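Kindly produce the complete structure, drawing on both the sequences and the hints.
Each chain, written out:
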Amino acid sequence: MAEFKHKHIIALRDLSKGDIELLISTAESMREINSRDIKKVPTLRGKTIINLFYEASTRTRTSFEIAGKRLSADTVNITTSSSSATKGETLADTALNLLAMKPDIIVMRHSVSGSHYFLANKVNCSILNAGDGAHEHPSQGLLDMLTMKDRFGRLDGLKVAIIGDITHSRVARSNIQGLTKLGSKVFLAGPPTMMPPGVEKLGDVTVCATMNEALQDADVVMMLRIQQERQGKTLMPNTREYSRYFGLNPNNIKLAKPNAMVMHPGPINRGVEMSSSMVDGNQSWILKQVENGVAVRMSMLYHVCGGELE
Amino acid sequence: MADDHTVLMDGEGIKRALTRIAHEVLERNKGVADIVLIGIRSGGAFIADGIARQISIIEGGAVPLGTVDITLYRDDCSGQLPHQAVGITEIPFSLEAKKVILVDDVLYTGRTIRAAMDALMDFGRPQSIQLAVLIDRGHRELPIRADFVGRNVPTSQKENVQVIFDGLNQPIEVVLEK
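Heads up: the sequence lines are chains A and B, in that order. In terms of the working numbering, the first sequence is residues 1 to 310. In terms of the working numbering, the second sequence is residues 1 to 178.
Be careful, since some hints might not be right.
[Stated by the list, open to error] Quick list of the computed label-pair ranges, beta carbon to beta carbon:
(1) T79/A / I164/B: 46 to 56 Å
(2) D217/A / D75/B: 25 to 35 Å
(3) I164/B / N259/A: 38 to 48 Å
(4) L96/A / I88/B: 34 to 44 Å
(5) Q157/B / R13/A: 43 to 53 Å
(6) D75/B / T206/A: 46 to 56 Å
(7) K5/A / M121/B: 29 to 39 Å
Everything labelled a hint here was simulated from the structure, so no lab data went into it. What you are looking at is a predicted structure, and each value in this text was computed from that prediction instead of being measured. Cβ coordinates follow ideal geometry from the N, Cα and C atoms, glycine included.
Right, here's the structure in full:
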């Protein structure tokens, strides 16, 4: 029987193929709970989960909160705009203070890449990464893979095009780590200013010169958000020009396989990375991604509670 | 056959037991009205399938059949043991006011049954829950008893009773391992 032995989930890079498959299959089973009249199981009764968000989030924070509550854990949300971080408290001090209240899991989003590893060394509870800087966003990667598996029944051999600002995208990194471990082929496209050097060394990853090249015969087209809060003004001339070269629209989607899946981690800049007709069209799986997010996060919370200290 | 491995029932014996259980279920409940069968994943689900088939042969109509996975309702989840994979619970009908026949392959401590009953309650308020098991091996740790039993087998706690299924999930024998 497959067992999950990690106490923390910080990056899909740290997980084996078997770990990822177990998290996804558990999420498939968890999904049934979300369709019941009584959407709750007693599994994590008595556990305390702190959602510590140093960056804005709607989907991920709500999704983690609902996931914890559906497993009967007590969830507490801390957003930094209303916390002591605004008074200058360091991450380490905040963590030690939270720890004094004996949480079992801290779910954190932080703008500094790798901050979760720093935190994991300081605390004795589980750490789940809800996004760290430009590093990883493992729950998003897992829910994207679950959504692709829903459609194709497998991940092995899929051609996945990821398009946009790869440099700043933790979503892209988690997807690349996870998808290549499970046998998918990843094709990246984006402005050269947004393409990190050496990204092809992460696995079965091809960097394409143009968006059309990446779209060619793709099973899945994943569009990334232009992160205007992270990049300076120098990476692209303006959003209109970006949209012309790297926006998804009803014309260039025809290069992909017929009825290819269109995905986006949200929030969407409509008319920039994709046209509204693509967001709302019948190839869009965007809301299914959000729906799967709850089940994936339930799976992650469930498995780290049984993990051993690494 | 080695000394540490005794066959308690063969495929024919199991089939006769399931046929008898099917008759008993129908007798006690005066037919199939409001009856649903729920098997506990995974062994119990296969046994429930066998009982459901016998009932439909006797009565000439199918009974609703569901599967419950009890992993999320276990009472040993809070320890630091690695958590098991979770199977899918499939109860595609309401249990409200139904007579639920809960089915497992081997009844032992009763903890699995407790967990399964808690799970069923989350799907509505059944009129009753009755328990059917292929083997009752004793050593209860909770106040639970079966309504329908294929065979009572006195065992020691050091022994292990297993129902063996073939590739098509048909029960082929029950073995006692010492």
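Going through the numbered hints above, which ones does this structure break? Give me the numbers in ascending order. Of the numbered hints, just 2 does not hold.
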